[in-house]
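J.: For this one, chain P is given, so just place chain G on it according to the hints.
Line by line, the protein sequences are chains P and G. Just so we're aligned: the first sequence equals residues 1 to 260 in the working numbering. Just so we're aligned: the second sequence equals residues 261 to 426 in the working numbering.
Rather than coming from a laboratory, the hints here were simulated on the basis of the structure. Warning: the hint list may mix true and false statements.
Stated by the list, open to error - Pairs of lysine to aspartate or glutamate, DMTMM-like flavour, derived with a Cα cap of 25 Å:
#1 233(P) / 379(G)
#2 33(P) / 379(G)
#3 233(P) / 62(P)
#4 233(P) / 410(G)
#5 239(P) / 292(G)
#6 33(P) / 410(G)
#7 233(P) / 279(G)
#8 33(P) / 376(G)
#9 33(P) / 279(G)
#10 239(P) / 379(G)
#11 33(P) / 292(G)
#12 170(P) / 410(G)
#13 239(P) / 323(G)
#14 233(P) / 140(P)
#15 233(P) / 376(G)
What the hints assert, rightly or not - Coverage of chain P stretches by chain G, computed from C-beta distances (three or more under 8 Å per stretch; other residues unrestricted):
#16 33-44
#17 203-209
#18 247-253
Stated by the list, open to error - Short, incomplete list of chain P residues facing chain G, as computed with Cβ under 10 Å:
#19 48
#20 57
#21 58
#22 60
#23 239
#24 256
#25 258
All residues carry an ideal CB built from backbone N, CA and C; glycine is no exception.
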Amino acid sequence: MAQQHGIIVLFDVENALRTRSLDGNTYWFDNMKFLGSVGVGTEQLVTIVPGTHFLDGSQATEQVLNWLPAALGAIPPTVPRNYLAEQERADDRRTLRELAALDGEGGVSDADIKRLQRRVGKRAHKSGGGRGLTHSKLLDVTGRTTSDSGAYNYPAPVITDITGPAVTEKIMYPAQYGSPDMIYDGWYWAATVDTSRPGVYPYTMHVQLHELVERNDELVWESVDLTCESSLKITNDPKRNGFTGAGLGVLPLPPVPAVG
Amino acid sequence: MKHRISIVVMVDAVGALSDRTLHNGNLSLVDDSSAGSEHQGTPDLITAVAPGQVIQWTPIHVDVQTPVEIHAIEFLSGATVPPPADQTVPPHPVEPPAFPAPGAVPGTGADAMGSDGHENHDLLVWEGIVPYDMTPGVPYRYRLSLKLHEGPNSVLYIDSPALLRV
Chain P
1 MAQQHGIIVL FDVENALRTR SLDGNTYWFD NMKFLGSVGV GTEQLVTIVP
51 GTHFLDGSQA TEQVLNWLPA ALGAIPPTVP RNYLAEQERA DDRRTLRELA
101 ALDGEGGVSD ADIKRLQRRV GKRAHKSGGG RGLTHSKLLD VTGRTTSDSG
151 AYNYPAPVIT DITGPAVTEK IMYPAQYGSP DMIYDGWYWA ATVDTSRPGV
201 YPYTMHVQLH ELVERNDELV WESVDLTCES SLKITNDPKR NGFTGAGLGV
251 LPLPPVPAVG
Chain G
261 MKHRISIVVM VDAVGALSDR TLHNGNLSLV DDSSAGSEHQ GTPDLITAVA
311 PGQVIQWTPI HVDVQTPVEI HAIEFLSGAT VPPPADQTVP PHPVEPPAFP
361 APGAVPGTGA DAMGSDGHEN HDLLVWEGIV PYDMTPGVPY RYRLSLKLHE
411 GPNSVLYIDS PALLRV
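Isolated chain G (complex conformation):
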């Protein structure tokens, strides 16, 4: 078993902002799991994981001068109602997350991203350990929110990727 799995988020920021969606080929997810991930290269990546592994998400922008950062990663809970399944274009701005990541919550996160009075998402490292109480065989979908530059329309998200304990 690998100790660490990388999930690389490749983004065409200009395409995503002008389409106002991370679909249409504007985003591609690839991981290096050796346990049989599915849908590599698409926004629907299901990463095969095992408890104790460290999962790290890294954004890479195809235009090197466009700012692309991960805004939040929130695992979607069955207890709350996710947005309609047919909704491909997310609303703006993103609704409050179902399962907030501490780094993305105003108040706690502002400190972690604060850089001389400016929010710098580059300061956040998105990695975490797969817990041992994760149910095997069930995909845990997560909302991957990206921040492209700043402003009211800068945050876009997809709900389609997942982690799957094999």
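Looking at chain P on its own, in the form it has when it is part of the complex:
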């Protein structure tokens, strides 16, 4: 039984935002190297899709692709979905406790106040309002609040579409699915593949990144839409019987079975 394909797309978000391009800023990794994927770990991944057919020509194996986006230098995607919000709240509670403790007899020192002000962190808004995919406070890669604009954690890249020859020529049928898996925010992209037409078919992935910009004295997350490319290599081979190497035959039983 053929396994499903997993294709990790790792983005260097910071560099991509600086150059306004995904060229040289993506790393593609799939689990099909042993069946012929080439360029695994690089930008030039060609994912093998080894199709099979029965002797009557019908497709024998369903091939399924799953794309898993990830960001370089981000909080790992494996932490729970509410991790950032929880961290932010915990930090606020700590700050309030320490603020209350400052009310001592010796007065309050400037240094203490400054330290707590730093702890409060900076807030960023989603442009256009509404419920965004980002959280209100800037958190660094360890999940702590930060006011250092160079140390914050980018929101995860979001795949917005998959297009290109592999789609227009009806080689694969990509779609976004809802999922109970919280790692990818409850949504993921998958596709089934028609393996009846062997060949190499490129496809384009549309990705939304988020950039932190300062506007009217406010920090705002603005979306930046970019694209990158990869391709599928479709092969197709006939199924054969494992015992005979050809068609159905009698099981190769020994004259005398083993005892025990």
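T.: Then chain G, alone, in the frame of chain P:
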């Protein structure tokens, strides 16, 4: 009598590779024979069969992104010496089979599994007809070898399942 019997091989590939055994609950065999199979859900499944029936083995992996294929099914012959009975962890790589299945023999099988220069075990269909000269009442044990991904430690096997003509 059913014309066809399915034997489904359920595998936890990650568990099997890290334990280096298909035991410890990493493999479970289930069939749909109506003639009284024994030990359903274990690696010791004895499938009750009748001559003329088609038996088909199908692997199913619990982690959908792990490659699990049947590497070989070889019926163990009383004429040759099987591995020691107390050996639960099979050696690596698997020794040459006592009763080779043509599809698993290098030279004949490479062609059947060849896919653009890569070996693709997904191309093999494991099914066969129960012969009429099978002795009733005697379990015919077989070695079920699974290939989990590729590499020197990718093939694991069990010798415990059997077909029994009732």
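J.: Each of the hints needs a verdict: does it hold here or not?
T.: The hints, checked one at a time:
| no. | hint | verdict |
| --- | --- | --- |
| 1 | 233(P) / 379(G) | holds, 16 Å |
| 2 | 33(P) / 379(G) | holds, 12 Å |
| 3 | 233(P) / 62(P) | holds, 15 Å |
| 4 | 233(P) / 410(G) | holds, 20 Å |
| 5 | 239(P) / 292(G) | holds, 24 Å |
| 6 | 33(P) / 410(G) | holds, 10 Å |
| 7 | 233(P) / 279(G) | violated, 34 Å |
| 8 | 33(P) / 376(G) | holds, 13 Å |
| 9 | 33(P) / 279(G) | holds, 24 Å |
| 10 | 239(P) / 379(G) | holds, 13 Å |
| 11 | 33(P) / 292(G) | violated, 36 Å |
| 12 | 170(P) / 410(G) | violated, 31 Å |
| 13 | 239(P) / 323(G) | holds, 23 Å |
| 14 | 233(P) / 140(P) | violated, 40 Å |
| 15 | 233(P) / 376(G) | holds, 11 Å |
| 16 | 33-44 | holds (count 3) |
| 17 | 203-209 | violated (count 0) |
| 18 | 247-253 | holds (count 6) |
| 19 | 48 | holds, 8 Å |
| 20 | 57 | violated, 15 Å |
| 21 | 58 | violated, 13 Å |
| 22 | 60 | holds, 8 Å |
| 23 | 239 | holds, 5 Å |
| 24 | 256 | holds, 4 Å |
| 25 | 258 | holds, 4 Å |
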